[in-house]
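**Student:** So the sequence lines, in the order shown, correspond to chains A and B.
With our numbering applied, the first sequence corresponds to residues 5 to 196, in that order.
With our numbering applied, the second sequence corresponds to residues 3 to 201, in that order.
One or more hints might be untrue.
So the derived list for chain A, only partly shown, Cβ under 10 Å to chain B, looks like this [claimed, not checked]: (1) Val17; (2) Gly33; (3) Leu49; (4) His77; (5) His86; (6) Leu87; (7) Leu142.
These are calculated hints, taken from the structure and not from any lab test.
These numbers were taken from a predicted model, which means no experiment stands behind them.
Quick reminder that beta carbons are idealized off the backbone N, C-alpha and C, glycines included.
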Amino acid sequence: MTKPAPRGSPLVVSDASSDTQVVARILGGDGEAFGIIIRRYEPGLLRYATRMLGSVDAAADAVAESLVRAYRHLAQCRDPEHLKSWLYRITGNRCRSHIGRRHTGDVSLDDAPPVPDPSDTWGALERGEQVALVERALAVLQPEKREAFVLKHVEGMSYEEMAEVTGARIPTLKMRVHRAREALLEALKELV
Amino acid sequence: MTLIDSRLQETLDGERDPATLPAELRDAYARLVSAADLLRHPPAISVADRVMAEIRAVPPSAGRRVAGWLARPRAITLRLRPVWTLAVAAALTAVILLPGGQSVVPGAEEGIAQFVGHFPGARSVEVVGSFNDWRRGALSLSDEDHDGIWHGAVVLPTGQHEYMFVVDGERWVADPLAGRYVDDGFGVGGQNAMLVVRP
Chain A
5 MTKPAPRGSP
15 LVVSDASSDT
25 QVVARILGGD
35 GEAFGIIIRR
45 YEPGLLRYAT
55 RMLGSVDAAA
65 DAVAESLVRA
75 YRHLAQCRDP
85 EHLKSWLYRI
95 TGNRCRSHIG
105 RRHTGDVSLD
115 DAPPVPDPSD
125 TWGALERGEQ
135 VALVERALAV
145 LQPEKREAFV
155 LKHVEGMSYE
165 EMAEVTGARI
175 PTLKMRVHRA
185 REALLEALKE
195 LV
Chain B
3 MTLIDSRLQE
13 TLDGERDPAT
23 LPAELRDAYA
33 RLVSAADLLR
43 HPPAISVADR
53 VMAEIRAVPP
63 SAGRRVAGWL
73 ARPRAITLRL
83 RPVWTLAVAA
93 ALTAVILLPG
103 GQSVVPGAEE
113 GIAQFVGHFP
123 GARSVEVVGS
133 FNDWRRGALS
143 LSDEDHDGIW
153 HGAVVLPTGQ
163 HEYMFVVDGE
173 RWVADPLAGR
183 YVDDGFGVGG
193 QNAMLVVRP
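Pulled out of the complex, with its shape left as it was, chain A reads as follows (with noise of 0.2 Å):
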């Protein structure tokens, strides 16, 4: 498949408006209603990021280049229904790319806070400080695990928007997230 649908986009798109009807319109030549898409998808695309990158500013950077690159290619999403999968395949692959340009599967956690004194049981820390295990934790995880515990657990992607997402079988990303509990399990009983 190669060019859009030539069907008339709608003459007003809001936010209530379906993920079809806002791509008919940018496509169109409404380019200000890309804001929409922005608004929908951004904080989750933002949270994707940051806890694949483990840095706000990293994150902030893959998700701008991610909504650019996704507007100026927005006519080759072959399925607007499932926009949502598409621009989580775009981000995540600029964050395999950042990932891969550091040579290492670690994130980098510049914006996490300090861990906290080790003799403190996980009921006594503060939140801030749950969060910032939780992070130190899941960076341990290889990339793939990392995403696919995102993804599952808090993205709340099914497995088939997973395999969307991430182009793997289900199969395959069931058992990711499988092993990526476990090792998330194994590195919050050795920090806490």
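Mind docking chain B on chain A? Use the hints.
**Tutor:** Showing chain B alone in chain A's frame:
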């Protein structure tokens, strides 16, 4: 690495009621659920302004600037099909001559595609194709003397490109004299026209 009990995996996959978990697995379950919850808050930043500014600031491409020049009458050297009177063709030029003898020469790996179509009565004609991501508004043809012959040009990388005319913003027309066509991939027998740009 410690393997997690399959009952815990099933519970986390939503296939088992957490209340049925044995007591020794509940702490691990709570730990993983809590971890996911802690990671769920998005960072308090936004790239919306940055993205929209970049989208709005995209400068016209070299191709669009050339097309703008060509929309005004001037001497050009074209390699056109012999059926100009039918006026539906996409041909290539190696050099475009501007007034005063100034020439626009594409780069070594580029050529200029000249699009010409005969659409009497049309209000607008655009060219969309693989070279502009099938995006409308990127290459509009012009018909200054209102004779129904619409034309425009764009600098393209050498190689094969698929394209279609979009007439009045809604009617997609494959160039009937393109000579080469490829399946459009929609599975209903449609075809895209194809042109080959040579340096």
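**Student:** Which numbered hints turn out to be false for this structure?
**Tutor:** 1, 5 and 6
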